[in-house]
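J.: Spelled out from the first residue to the last, the chains are:
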Amino acid sequence: MEFKPLTSADQPKIRFLVVDDSVFARKNICKMVEAFGGEIAGEAGDGIAAISKYKDTRPDIVLMDITMPKMEGIEAVEHIVRDHPEACIVMVSSVGYQDNILSALQKGARHFVQKPVKPEAFYEIIRYVLSENSEPSRTTPAEVQS
Amino acid sequence: MNMELIQPFINSLDAVISETMRCSARIADVTMEEGSYQRTGVAALVTLSGDIEGRIILDMDAAAAGQAASDLSEIAGAPSEETTREIVCELTNMVIGNSVTQLNDRGFKFRVHPPEIFLIDVGPRGTLDSETVLLRFELPKGAVYLNIAVHENSPALVG
Numbered sequence: 001m002e003f004k005p006l007t008s009a010d011q012p013k014i015r016f017l018v019v020d021d022s023v024f025a026r027k028n029i030c031k032m033v034e035a036f037g038g039e040i041a042g043e044a045g046d047g048i049a050a051i052s053k054y055k056d057t058r059p060d061i062v063l064m065d066i067t068m069p070k071m072e073g074i075e076a077v078e079h080i081v082r083d084h085p086e087a088c089i090v091m092v093s094s095v096g097y098q099d100n101i102l103s104a105l106q107k108g109a110r111h112f113v114q115k116p117v118k119p120e121a122f123y124e125i126i127r128y129v130l131s132e133n134s135e136p137s138r139t140t141p142a143e144v145q146s
Numbered sequence: 147m148n149m150e151l152i153q154p155f156i157n158s159l160d161a162v163i164s165e166t167m168r169c170s171a172r173i174a175d176v177t178m179e180e181g182s183y184q185r186t187g188v189a190a191l192v193t194l195s196g197d198i199e200g201r202i203i204l205d206m207d208a209a210a211a212g213q214a215a216s217d218l219s220e221i222a223g224a225p226s227e228e229t230t231r232e233i234v235c236e237l238t239n240m241v242i243g244n245s246v247t248q249l250n251d252r253g254f255k256f257r258v259h260p261p262e263i264f265l266i267d268v269g270p271r272g273t274l275d276s277e278t279v280l281l282r283f284e285l286p287k288g289a290v291y292l293n294i295a296v297h298e299n300s301p302a303l304v305g
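Chains as they are written, first to last, in my numbering: chain A, 1 to 146; chain B, 147 to 305.
Derived from the structure by calculation, the hints contain no laboratory data. Don't take every hint at face value.
Each computed EDC-like pair below joins lysine to aspartate or glutamate, with the alpha-carbon atoms no more than 20 Å apart [to be verified]:
(1) A:Lys-27 with B:Glu-220
(2) A:Lys-118 with B:Glu-220
(3) A:Lys-107 with A:Glu-132
(4) A:Lys-118 with B:Glu-227
(5) A:Lys-31 with B:Glu-284
(6) A:Lys-27 with B:Glu-227
(7) B:Lys-255 with A:Glu-2
Label pairs and their calculated CB-CB ranges [unchecked claim]:
(8) A:Ile-48 with B:Glu-262: 16 to 26 Å
(9) A:Pro-85 with B:Asp-160: 37 to 47 Å
(10) A:Val-23 with B:Ser-164: 38 to 48 Å
(11) B:Arg-257 with A:Glu-120: 30 to 40 Å
(12) A:Val-23 with B:Pro-286: 21 to 31 Å
Fair warning: this is a prediction, and the values are worked out from it, not measured in the lab. For glycine and all other residues, C-beta sits at the position ideal for the given N, C-alpha and C.
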């Protein structure tokens, strides 16, 4: 399937930081990001590495797994958002129960995508988050609960 | 073992295989197991702690693992052993993650630990207080085994 690039040819590409402990999952997500016309700013295999990579690369969007060794994704979101309130983080995890989603949103994540990731849905969520980023409103935990 | 604990794993395995490998996983056999687990192909293990505790092993025989690696890696030729292990590990992560989501929505609260590739031939027993169920699923090529050794720590919340 072909996707319309996230940005027009005269604009800089959207830069992504991909965080997942599975090398295969990272490759898979990177492939999708590139198909959407995005650029990979960096990759990390755990929450601690993600915090450090965020500081180094300042990506436009972070795609963050939850279940990871050393530090889980939700804790990493808390650290990143505390230091960089403008951070735009989308959780990408196979564990998609409401408590987890709410907790991630409360810590500052913008959205949640459940694995296995469907490229079409993923693309729409990224577009939504980018459009939301240019507006003040966000998905709130209350919206997820309803 | 409470079948309500097992059903989410059956549903999730079928859904994940269907989504990622574009084929169906037909449940072919369900047996209660005793003793250590004997690995058949490429396997990964996930540990759970909380209201439900124990471990789950997802084991793909050589044909199924080869097919999964070929379908998911989208590379020409035979995928490397390392790629195949990575892919089985990620499939395990997705199957268990989706199962845990369903169980959590039924009121069980627990933590899932990251999947680990399972390299030894003979695996851990279920614990003394865990019954072990072995599910065999048939794919168009090969078979997938789910070896589930879990027990409830809290009063049953399902219903």
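J.: Can you give the numbers of the hints that this structure goes against, from lowest to highest?
T.: 4, 5, 7 and 10
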